[in-house]
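Asker: Sequence:
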Amino acid sequence: MSTLSCGTDTVLASPDSVRVEAEIINRRGLHARAAAKFVKTVEQFSAEITVSNRGQSVSGRSIMGLMMLAAGPGTTIALEANGPDADRALEALCALVADRFHEGD
Numbered sequence: 009m010s011t012l013s014c015g016t017d018t019v020l021a022s023p024d025s026v027r028v029e030a031e032i033i034n035r036r037g038l039h040a041r042a043a044a045k046f047v048k049t050v051e052q053f054s055a056e057i058t059v060s061n062r063g064q065s066v067s068g069r070s071i072m073g074l075m076m077l078a079a080g081p082g083t084t085i086a087l088e089a090n091g092p093d094a095d096r097a098l099e100a101l102c103a104l105v106a107d108r109f110h111e112g113d
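Per the working numbering, the sequence shown starts with residue 9, numbered consecutively.
Some clues are possibly wrong.
[Said to hold, decoys possible] Cross-link-like lysine to aspartate or glutamate pairs, in silico, DMTMM-like; alpha carbons within 25 Å at most: (1) LYS48 to GLU111; (2) LYS48 to GLU29; (3) LYS45 to GLU29; (4) LYS45 to ASP93; (5) LYS45 to GLU88; (6) LYS45 to GLU31; (7) LYS48 to GLU88; (8) LYS45 to GLU111; (9) LYS48 to ASP93.
[Claimed, not checked] Taking CB as the label site, the calculated pair distances span: (10) SER54 to PRO81: 28 to 34 Å; (11) ARG108 to ALA78: 15 to 21 Å; (12) GLY63 to GLY112: 27 to 33 Å; (13) ASP24 to SER60: 17 to 23 Å; (14) THR58 to ALA103: 15 to 21 Å; (15) SER60 to HIS39: 23 to 29 Å; (16) SER54 to GLY82: 27 to 33 Å.
The hints are simulated quantities; they were obtained by calculation from the structure and are not laboratory data. The C-beta atom is built at its ideal place from N, Cα and C for all residues, glycine as well.
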């Protein structure tokens, strides 16, 4: 088991499967540019990423799917990664979300 920290939440993770929650804190939410940056980050890893909001789940590799989640500011999304680099993938995604998708707002 390993630990992964996302925002203020810490979860226990198995080597190949990790699940965390992250709050969208940028001003525009998970819009087109933010979704594109999310997908670009996901593509650096082999892990399969699933993103969920209010019972709807989409691939972390789909810009359109991410936008369809309608995750506005203050929304908490669930991120799940499966694969050998699941920990590293979610660490990178948590950093992206925490940094407001590099939007500076």
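Asker: Now tell me if each hint is right for this structure.
Answerer: Here is what the structure says about each hint:
Distance check on the hinted pair: LYS48 and GLU111 sit about 15 Å apart at the alpha-carbon level, within 25 Å; holds. With a CA separation close to 20 Å, the supplied pair LYS48 and GLU29 stays within the 25 Å bound. For the hint linking LYS45 to GLU29, the alpha-carbon distance of about 18 Å falls within 25 Å, and the restraint holds. Restraint check for LYS45 and ASP93: satisfied, since their Cα atoms lie roughly 19 Å apart, inside the 25 Å limit.
The straight-line distance between the Cα atoms of LYS45 and GLU88 is roughly 17 Å, inside the 25 Å bound, and the hint therefore holds. Using a Cα cut-off of 25 Å, the hinted pair LYS45 and GLU31 holds, with the two alpha carbons roughly 16 Å apart. Using a Cα cut-off of 25 Å, the hinted pair LYS48 and GLU88 holds, with the two alpha carbons roughly 17 Å apart. For the given pair, LYS45 sits about 10 Å from GLU111 by alpha-carbon distance, which is consistent with the 25 Å threshold.
This hinted pair checks out: LYS48 and ASP93 have alpha carbons roughly 16 Å apart, not beyond 25 Å. For SER54 and PRO81, the Cβ-Cβ distance of about 31 Å falls inside the hinted range of 28 to 34 Å, so the restraint holds. Distance hint check for ARG108 and ALA78: the Cβ-Cβ separation is about 18 Å, which falls inside the suggested range of 15 to 21 Å. Here the CB-CB span from GLY63 to GLY112 is close to 32 Å, well matched to the stated 27 to 33 Å.
Our hint of 17 to 23 Å for ASP24 and SER60 holds, since their Cβ atoms are close to 19 Å apart. At roughly 19 Å, the beta carbons of THR58 and ALA103 sit within the given window of 15 to 21 Å. Under the hint 23 to 29 Å, the C-beta atoms of SER60 and HIS39, about 18 Å apart, miss the expected range. Taken as a hint, the range 27 to 33 Å holds for the pair SER54 and GLY82, whose Cβ atoms sit roughly 32 Å apart.
The structure does not agree with numbered hint 15 stated previously, though it agrees with all others.
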